[in-house]
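Can you make the complete structure from the sequences, with help from the hints?
Chains as they are written, first to last, in the numbering used here: chain A, 235 to 464; chain B, 235 to 464.
FYI, nobody ran anything at the bench for these hints, they're computed from the structure.
Some hints could be false.
[Said to hold, decoys possible] Cross-link-like lysine-lysine pairs, in silico, PhoX-like; alpha carbons within 25 Å at most:
1) A:454 - B:461
2) B:270 - B:289
3) A:276 - A:454
4) A:391 - B:461
5) A:391 - A:454
6) B:461 - A:461
7) A:461 - B:391
8) B:391 - B:415
9) A:368 - A:391
10) B:415 - B:236
11) A:276 - A:415
12) A:333 - A:236
13) B:276 - B:454
14) A:461 - B:454
15) A:415 - A:461
Number of protein chains: 2
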Amino acid sequence: MKIAIIGTGNVGRTLAARLMELGYDVMLGTRNVTDKLASSEKDNYGNPSFSEWFKSNSNVRLGSFSEAATFGELVINATHGSNSVTALILAGSKNLAGKILIDISNPLDFSNGMPPSLLPGLNNTNSLGEEIQKTFPDTMVVKTLNTMWCGLMVNPKLIGNGDHINFLSGNNTEAKTRVRKLLNQFGWSDENVVDLGDITAARATESMLPIWLRVMGVTKSGAFNFKLVR
Amino acid sequence: MKIAIIGTGNVGRTLAARLMELGYDVMLGTRNVTDKLASSEKDNYGNPSFSEWFKSNSNVRLGSFSEAATFGELVINATHGSNSVTALILAGSKNLAGKILIDISNPLDFSNGMPPSLLPGLNNTNSLGEEIQKTFPDTMVVKTLNTMWCGLMVNPKLIGNGDHINFLSGNNTEAKTRVRKLLNQFGWSDENVVDLGDITAARATESMLPIWLRVMGVTKSGAFNFKLVR
Numbered sequence: 235m236k237i238a239i240i241g242t243g244n245v246g247r248t249l250a251a252r253l254m255e256l257g258y259d260v261m262l263g264t265r266n267v268t269d270k271l272a273s274s275e276k277d278n279y280g281n282p283s284f285s286e287w288f289k290s291n292s293n294v295r296l297g298s299f300s301e302a303a304t305f306g307e308l309v310i311n312a313t314h315g316s317n318s319v320t321a322l323i324l325a326g327s328k329n330l331a332g333k334i335l336i337d338i339s340n341p342l343d344f345s346n347g348m349p350p351s352l353l354p355g356l357n358n359t360n361s362l363g364e365e366i367q368k369t370f371p372d373t374m375v376v377k378t379l380n381t382m383w384c385g386l387m388v389n390p391k392l393i394g395n396g397d398h399i400n401f402l403s404g405n406n407t408e409a410k411t412r413v414r415k416l417l418n419q420f421g422w423s424d425e426n427v428v429d430l431g432d433i434t435a436a437r438a439t440e441s442m443l444p445i446w447l448r449v450m451g452v453t454k455s456g457a458f459n460f461k462l463v464r
Numbered sequence: 235m236k237i238a239i240i241g242t243g244n245v246g247r248t249l250a251a252r253l254m255e256l257g258y259d260v261m262l263g264t265r266n267v268t269d270k271l272a273s274s275e276k277d278n279y280g281n282p283s284f285s286e287w288f289k290s291n292s293n294v295r296l297g298s299f300s301e302a303a304t305f306g307e308l309v310i311n312a313t314h315g316s317n318s319v320t321a322l323i324l325a326g327s328k329n330l331a332g333k334i335l336i337d338i339s340n341p342l343d344f345s346n347g348m349p350p351s352l353l354p355g356l357n358n359t360n361s362l363g364e365e366i367q368k369t370f371p372d373t374m375v376v377k378t379l380n381t382m383w384c385g386l387m388v389n390p391k392l393i394g395n396g397d398h399i400n401f402l403s404g405n406n407t408e409a410k411t412r413v414r415k416l417l418n419q420f421g422w423s424d425e426n427v428v429d430l431g432d433i434t435a436a437r438a439t440e441s442m443l444p445i446w447l448r449v450m451g452v453t454k455s456g457a458f459n460f461k462l463v464r
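Written as structure tokens, this is what we have:
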């Protein structure tokens, strides 16, 4: 199965490497392929430049946003939340039509300092997940994995034997079932993938970022998650 | 030690009963004592009227907001978030000055239907906890317990042997230490009471309400909480 990942940051790379390991054919989509391969800058978190990473992951395909969206039978949005809608418009609504789009992004607003808040207009009574669904009505948006560090997204068993929570929301039940199967392959048990209903539940999962960021500030590590205790 | 609880709803009553059990002298503060005792209406959640509850909890004192604030050496805000600032102004800033105010309220906005969102102006880049601290600069506001059902606030061992999370934030370290001791008496272990720093962290804990409400919508019970897995 062909999977496209829109975004080439640490999250996109982590997903790409894991999906390749699971046997998927993966294309990363970027704004400008030539620029991306030419740049030797590390990102803000000290991760190697894309070209450096690409040398040891050359079996991953690289294309423009629109090439990636065309290639993927399933598409994952792993762009920064502030760029997501723009990047997906460049990917092309016709290339995304009829497909599942897994949205793992968060509408983080770094303009007021640290820790970031959520972007105006995309929090509380709206969300980035909903905004994407409204912008691409022919695409089946499924929000998931956005409440944790990317290392845990693709390998929950790194901590607590994988017994911690991940949320799922979206308007299309069949799309959520298919995404759940992919999450199972990453190591998520069905019990720990909680379906919150339609895409408006993205308001709730995106609203977990403030507590996630504060806890990370205290524990000094992103390798944590929450478990539902009942 | 004398403790005042501002608010006579289910949360205030639950706290009052537990604090009495622990040997504290407790006064509940209400807007109008005569009206409160005269009313026989159940609340929106089917809890008995205050006068009904008071019959079997007559060792709890009842006073006006300002009588309660005067009485309490420590004060707890257990009002609805939309009324909190008004109720505390009626309690009187001079009666609250120099005291610890434990704020367990949430700025829920029911005006857009269910599940509620957070009140405009009191979310994302502000919070109710901060707003109260700004309104009463001579009071030591400590935000805690606002991320769970009141039954768990005062008796965390009801689920998962009490091994789940509660957050603490506030500008005064000594006040947080004193509140932590009270939380210990409720059954919270030090390990599970995570100090997130100053009162701006209330933005993060109040932002957990949307996910709390969605999970409650799925599990059909408020008797759950999150545990930090690392």
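Here is what the structure says about each hint:
{"no.": "1", "hint": "A:454 - B:461", "verdict": "holds, 17 Å"}
{"no.": "2", "hint": "B:270 - B:289", "verdict": "holds, 13 Å"}
{"no.": "3", "hint": "A:276 - A:454", "verdict": "holds, 21 Å"}
{"no.": "4", "hint": "A:391 - B:461", "verdict": "holds, 16 Å"}
{"no.": "5", "hint": "A:391 - A:454", "verdict": "holds, 20 Å"}
{"no.": "6", "hint": "B:461 - A:461", "verdict": "holds, 5 Å"}
{"no.": "7", "hint": "A:461 - B:391", "verdict": "holds, 16 Å"}
{"no.": "8", "hint": "B:391 - B:415", "verdict": "holds, 16 Å"}
{"no.": "9", "hint": "A:368 - A:391", "verdict": "violated, 34 Å"}
{"no.": "10", "hint": "B:415 - B:236", "verdict": "holds, 15 Å"}
{"no.": "11", "hint": "A:276 - A:415", "verdict": "violated, 34 Å"}
{"no.": "12", "hint": "A:333 - A:236", "verdict": "holds, 12 Å"}
{"no.": "13", "hint": "B:276 - B:454", "verdict": "holds, 21 Å"}
{"no.": "14", "hint": "A:461 - B:454", "verdict": "holds, 17 Å"}
{"no.": "15", "hint": "A:415 - A:461", "verdict": "holds, 20 Å"}
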